[in-house]
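Enquirer: The residues making up each chain are set out below.
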Amino acid sequence: MAALTGLEPVTAPVRAPSRPRLWRGAVFLLAAAYFLIPLGASLWYTIYTPTAGVSFAAYGELLTAEGFGSSLLLSMSLAVATIVLALLLTLPAMLAVRLSAPRLRPVMEVVCTLPLVVPPITFVAGLTTSLRTGTDVLAPTPFWATLIAVQNPAFPVVLVLAYVVLVLPFVYRSLDAGLRTMDVRTLVEAARNLGASWPHVLFRVIIPNLRSALASASFLTLALVLGEFTVARLLGYQPFAVWIVTISGSKGQLSVAVSILSLLLIWLLLLAVSTAFSGKERK
Amino acid sequence: MTAQVEFRGLRRVFGKTVALDGFDLTIAPGEFVALLGPSGCGKTTALRCVAGFERPDSGAVLVDGEDITDVPANKRDAGMVFQSYSLFPNLNARDNVAFGLRVRKVPVATRRAKADELLELVGLPSHADRFPHQLSGGQQQRVALARALALEPRVLLLDEPLSALDAKVRVSLREEIRRLQLDLGITTIFVTHDQEEALSIADRVAVLRDGRLEQCGPPAEVYDRPATPFVAEFVGTMNHLAGHVSGDKVRVLGQLLPVDGEPAGTREVDVLIRPEAVRVTPDPEGKAEILAASFRGASVRLRVALSGGEVLADVPGHEALSLAPGTRVTVRLVERPVLVAERTVTVPSPASEPADAV
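Respectively, the protein sequence lines represent chains A and B.
According to our numbering, the first sequence is numbered sequentially starting from 1.
According to our numbering, the second sequence is numbered sequentially starting from 284.
Simulated from the structure, these hints should not be mistaken for laboratory data.
Take these hints with a grain of salt, some might be off.
As the list claims (entries may be wrong) - Listed next, the in silico SDA-like pairs over lysine to any residue satisfying Cα-Cα at most 25 Å (straight line):
1. B:K299 to A:F203
2. B:K388 to A:F203
3. B:K358 to A:Q238
4. B:K388 to A:R204
Unchecked claim - Beyond 12 Å from chain A on every Cβ pair, some chain B residues (computed):
5. V452
6. H527
7. R619
Even glycine gets a Cβ: it sits at the ideal position worked out from N, Cα and C.
Given only the sequences and the hints, what does the whole structure look like? Please build it.
Expert: In structure tokens form, the structure reads like this:
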């Protein structure tokens, strides 16, 4: 049900007769080819030119290009802020619904899955329109004043808010899967019965048992925010994904190099998060 | 460390269902009381009111005379063992037991020692480093029991702690719970729907029905002298035999037996007879015939066809061979005072067997 993130514990392969093993190998090779051949071809394209032979010049040019560091940093900080905000929003809400209003669960599920149905372009169009009319209607309210006060060209809070909405379905699904694996009510009641306050219950009972779900929620958010283009572009900001398109628009080799690099980068990041979480779990 | 618990006019309504409807009960310090009743009778709700997970709509829960109805769950002095496995999956057995002590910021060495001591008490001294998924169901409930006792609560609450376990473990663990409770002298409330469980370990059994107390008394009293027909039906199995009251005696199956307690208003009554109070002897001339026999080891339950009805009888296991289905028999009732209730059956007794008891 939840998206696979590579975080799920891998069960030890069961010994099987050799015929299924043969099949397994074939399927594995097929899948590997599906992923690796285009990737290899792209890599080859970026490092080999008939005139200059093999050279990594494209990558050198990329790393030194203007905006690489700043846009990457922006994307990363947006991702972190989105993860924190999304989790702060969903986890307490989901626990509250489970514990005291189980009948609202379907409602919550629908609300949280809604962003998946709305195309990003529609979402942005709505967002810009409401921001524009919002200025007139909401201007005197403290809410609007706060929103304006926290706006900062170097760190667009509005993007974080938009991303939180976009990642809601993924975060919800991951946490829901995690919460399904345990009897939340009984665990909470057991902890309360032993004298634990609500924060203690949350941090010492729920979160430790929800590690892999939290990790997969963080993952999906990270991957989505790093790759998000439409919203950022239309709102006029330049995180990593927008920068990639801008820089590589004119140069074919460079654009492919950028893709490979970002793939590698995200993969490394996910690997880092995954080892961090599973390391803690083993304890 | 032990306390008196008092339920005073407890009422709790969930939507349209009335879980508790004026429930009154006082439990003496150090007493082991079993709340017994069919599902939905309010027994678990009553327990959860003591633990603080449920707030009564009206009425109060008093511990040692002090009203705790508004005390939050984490400030109450009551250890609870749950029906479902409730150990924290991320902690090993020792840390689970020490959880409450950790919340109270007891030094590490002290709480480790206390946890080990309690694990020894519940018979799991060598399992301290195991995680819940490495323990069997019975072991998990033992650890949960140790965890509930770690804070030396004044009251121990057991919410059907044995219902998820298999039969053999269930029996041995319930005896162990009783032994521990007697050793510690802790006031204990034990919720169960299993009448055998309630009868075998409690000082007093409180039978609930629709959120009210039907009867509360020692197990033998509840079994032998049920206060209401409901208790008679729910605790153990009862035969309903048509009887005819004359004076303070009742004629049933051709025998004249004394009536126990208040005779019913009418002359035509149901006589309530336990299966073990029915004597069955093989007799080629007998009017009754055995329809079925289910062997239970120590005893055999027979379904006996009489003229116009059926009766259930429990006879010792070794008589099984002479009482095979199809055998002609004579049926007699043990000579002792019997309970009567208003007539609910018209024929001489198609025996009913509620909730497949025993």
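Enquirer: So is R619 of chain B really clear of chain A, every C-beta pair being over 12 Å apart?
Expert: Fine: 46 Å to the nearest Cβ keeps R619 of chain B off the interface.
Enquirer: Given the proposed pairing of K299 of chain B with F203 of chain A, does the C-alpha separation stay at or below 25 Å?
Expert: With a Cα-Cα distance of about 36 Å, the restraint between K299 of chain B and F203 of chain A is violated, given a limit of 25 Å.
Enquirer: Would you check the hint for K358 of chain B and Q238 of chain A, treating anything up to 25 Å between C-alpha atoms as holding?
Expert: Violated, at about 52 Å.
Enquirer: Quick one: work out the minimum CB distance from V452 of chain B to chain A and report holds if it exceeds 12 Å, violated otherwise.
Expert: 20 Å, holds
Enquirer: If we take the beta carbon of H527 of chain B, is the closest beta carbon in chain A still more than 12 Å away?
Expert: 54 Å, holds
Enquirer: Taking 25 Å as the top limit, are the C-alpha atoms of K388 of chain B and R204 of chain A close enough?
Expert: Within the cut-off at roughly 14 Å; holds.
Enquirer: Is it true that the CA of K388 of chain B sits at most 25 Å from the CA of F203 of chain A?
Expert: 16 Å, holds
Consistency note: the structure conflicts with the earlier hints numbered 1 and 3.
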